Amino acid sequence: MDEKLASLKKAMKNTVFKDLQFTDRHRRAISSSINGGDSEKNKILFAVLQLVRTEKTGMEILTALKSQALFAFEGKEGMMYTFLHELENKRWIVGEWKAERKYYKLTEKGAKVLGKASDMRKEVKTFAQSWSLGE
Amino acid sequence: MDMKEAFLNRVTAHIRSKEAKKVVRLELYQHMRELSSLWEEEGMTKEEAEKKTIEQMGSPAQIGKKMNKLHRPIIDWFALLTMISLIALSFLTPILFTKVSSSDMLKMHSIGVSISVCIVGLLMFFNYEKLKNKGLFFYIAGCAFLLYMHFFGTIKGSRTFVSIGPVFSSAYITFPLFLLSWASFTVRNRMSFLASSFLLVFPFFMFIQMGYYGPSLLYVLLALCLTGAGKWNRKGSHLSIWFVVLILSAYAASLLRGTTLSKVIDLWREKPYQLFSESFYLLSRAGWFGNGVLPSTVELNTKYYVDLIFVPLTYMYGWLFSLFLLFLMSFLLFRMYRTFIGTREPFGRALTLGVILLYGVTCVWGLLMGMGKVPFLNVSVPFVSYGVISFMINASFIGFVLSVYRWKNINSLKE
Numbered sequence: 007m008d009e010k011l012a013s014l015k016k017a018m019k020n021t022v023f024k025d026l027q028f029t030d031r032h033r034r035a036i037s038s039s040i041n042g043g044d045s046e047k048n049k050i051l052f053a054v055l056q057l058v059r060t061e062k063t064g065m066e067i068l069t070a071l072k073s074q075a076l077f078a079f080e081g082k083e084g085m086m087y088t089f090l091h092e093l094e095n096k097r098w099i100v101g102e103w104k105a106e107r108k109y110y111k112l113t114e115k116g117a118k119v120l121g122k123a124s125d126m127r128k129e130v131k132t133f134a135q136s137w138s139l140g141e
Numbered sequence: 215m216d217m218k219e220a221f222l223n224r225v226t227a228h229i230r231s232k233e234a235k236k237v238v239r240l241e242l243y244q245h246m247r248e249l250s251s252l253w254e255e256e257g258m259t260k261e262e263a264e265k266k267t268i269e270q271m272g273s274p275a276q277i278g279k280k281m282n283k284l285h286r287p288i289i290d291w292f293a294l295l296t297m298i299s300l301i302a303l304s305f306l307t308p309i310l311f312t313k314v315s316s317s318d319m320l321k322m323h324s325i326g327v328s329i330s331v332c333i334v335g336l337l338m339f340f341n342y343e344k345l346k347n348k349g350l351f352f353y354i355a356g357c358a359f360l361l362y363m364h365f366f367g368t369i370k371g372s373r374t375f376v377s378i379g380p381v382f383s384s385a386y387i388t389f390p391l392f393l394l395s396w397a398s399f400t401v402r403n404r405m406s407f408l409a410s411s412f413l414l415v416f417p418f419f420m421f422i423q424m425g426y427y428g429p430s431l432l433y434v435l436l437a438l439c440l441t442g443a444g445k446w447n448r449k450g451s452h453l454s455i456w457f458v459v460l461i462l463s464a465y466a467a468s469l470l471r472g473t474t475l476s477k478v479i480d481l482w483r484e485k486p487y488q489l490f491s492e493s494f495y496l497l498s499r500a501g502w503f504g505n506g507v508l509p510s511t512v513e514l515n516t517k518y519y520v521d522l523i524f525v526p527l528t529y530m531y532g533w534l535f536s537l538f539l540l541f542l543m544s545f546l547l548f549r550m551y552r553t554f555i556g557t558r559e560p561f562g563r564a565l566t567l568g569v570i571l572l573y574g575v576t577c578v579w580g581l582l583m584g585m586g587k588v589p590f591l592n593v594s595v596p597f598v599s600y601g602v603i604s605f606m607i608n609a610s611f612i613g614f615v616l617s618v619y620r621w622k623n624i625n626s627l628k629e
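Quick mapping for you: the protein sequence lines, in order, are chains B and X.
Under the working numbering, the final residue of the first sequence carries the number 141; numbering is consecutive throughout.
Under the working numbering, the final residue of the second sequence carries the number 629; numbering is consecutive throughout.
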């Protein structure tokens, strides 16, 4: 049985995965999906809401996310716009067209959501601090 | 073909809404243009840069499908199901009264409900936003109808009615028109203070003239709320002064007409007193599960199946049933509120706010009237009171709100 499986693995390597190169992008995509859909999505939500406190275009948001080491939209930048539109439907952010460009901004409702999220973040932070002090 | 264009075509192929196609395309195009110019600055050729850009964008099908999901017409199932339950329960009223009146109430009600269902369906699938700039047309249509009623209507009791086919309609039938017109006025350019006051006054006096005291106040309330919530925020205070002026002038007008106002007060104080004591008697004997039939001593008249409908319904089917009915009515109101806060497009917001006001006030007033707490103003309880035309009017209100909900994620794109 073990022998059979081993030969299957070998066969796969030579056929199906022959042209596949494991790049940095794959590594990131896998780690982001392992590190957990929901919390990752929350992190991005929080970051995006934080960013659009001042008006920003999609491109500006994306660049800022990258600088915060959030690569969820790496290689699928178009999907970021679906994310933004989803937030817009929820009326947490609002988009406005100015000279052929769409600018996103936080709404009052979004500020409330952000408020809750930042409360939680504070709690996490104070918890982490007290823990390290006790050590 | 340009590689960017090809990519965008593949994205928009999955999007059904025309507006969404246009907006998504432009937004993605701008992003891609910026990206490829960045790569070109890094020293890539134009072609390489474009290729790299498209690679970075991700799967066009995935983007398109998701965008389509976000910007497609949707149905407020909660509101629709509540509405269907209310329609089903509304048959209890004519069933209740066929036992005592030989008329074909049930048949009329069935016809009315069928037409109402068509109205709701049509309004829901129709994008309400196309009516945005037709305010003056609806206003003139409403006024013309009121004038027609005034000259060609039939006076029954203290009010003027107009016959439409086999049924008589009250002046409340103009409310969908006035609702649309005021919602439209509030989102369009600023109108002068004088013009808006004139628009307020004419239908108001027509209502008074024909004996509709309740609807005349409701009309002013509607106009004030919509203008107050709309672009005329600062003028809201001015308008509320006009409100007082109007009430005083209405009082003067009714004095000129003789004793109409005192008649209204008498109606509240004396005439229905007997009716109220009877209805208190009925309500106190209703119990949780009802009594099945009305006592033979109760003489059923129109008051019972229109204005006081909750009294015989509660007596026959019990408080449990009435509370369930109340729950459905308030849940529908709650869904309308959700639509209101979830909508960005201003005309849709104004329309929803107007419906919340009209539906809410008539529900609450109708219920309180049944308990003798408020003056008798010939208000029917939406969907519960018997009345083919009023059923259709309320159905059209719900139709407007369902349409606002349905198109909210598409109409918001145009902003």
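These are computed hints drawn from the structure, not numbers from a lab.
The structure presented is a predicted model; accordingly, all values stated were derived computationally and were not measured.
Do not take every clue at face value.
[As the list claims (entries may be wrong)] Here are the computed lysine-lysine pairs in the DSS-like style, where the Cα-Cα straight-line distance is at most 27 Å: (1) B:Lys115 x X:Lys260; (2) B:Lys72 x B:Lys62; (3) B:Lys72 x X:Lys279; (4) X:Lys279 x X:Lys266.
Each hint tested on the structure:
| no. | hint | verdict |
| --- | --- | --- |
| 1 | B:Lys115 x X:Lys260 | violated, 43 Å |
| 2 | B:Lys72 x B:Lys62 | holds, 15 Å |
| 3 | B:Lys72 x X:Lys279 | holds, 25 Å |
| 4 | X:Lys279 x X:Lys266 | holds, 22 Å |
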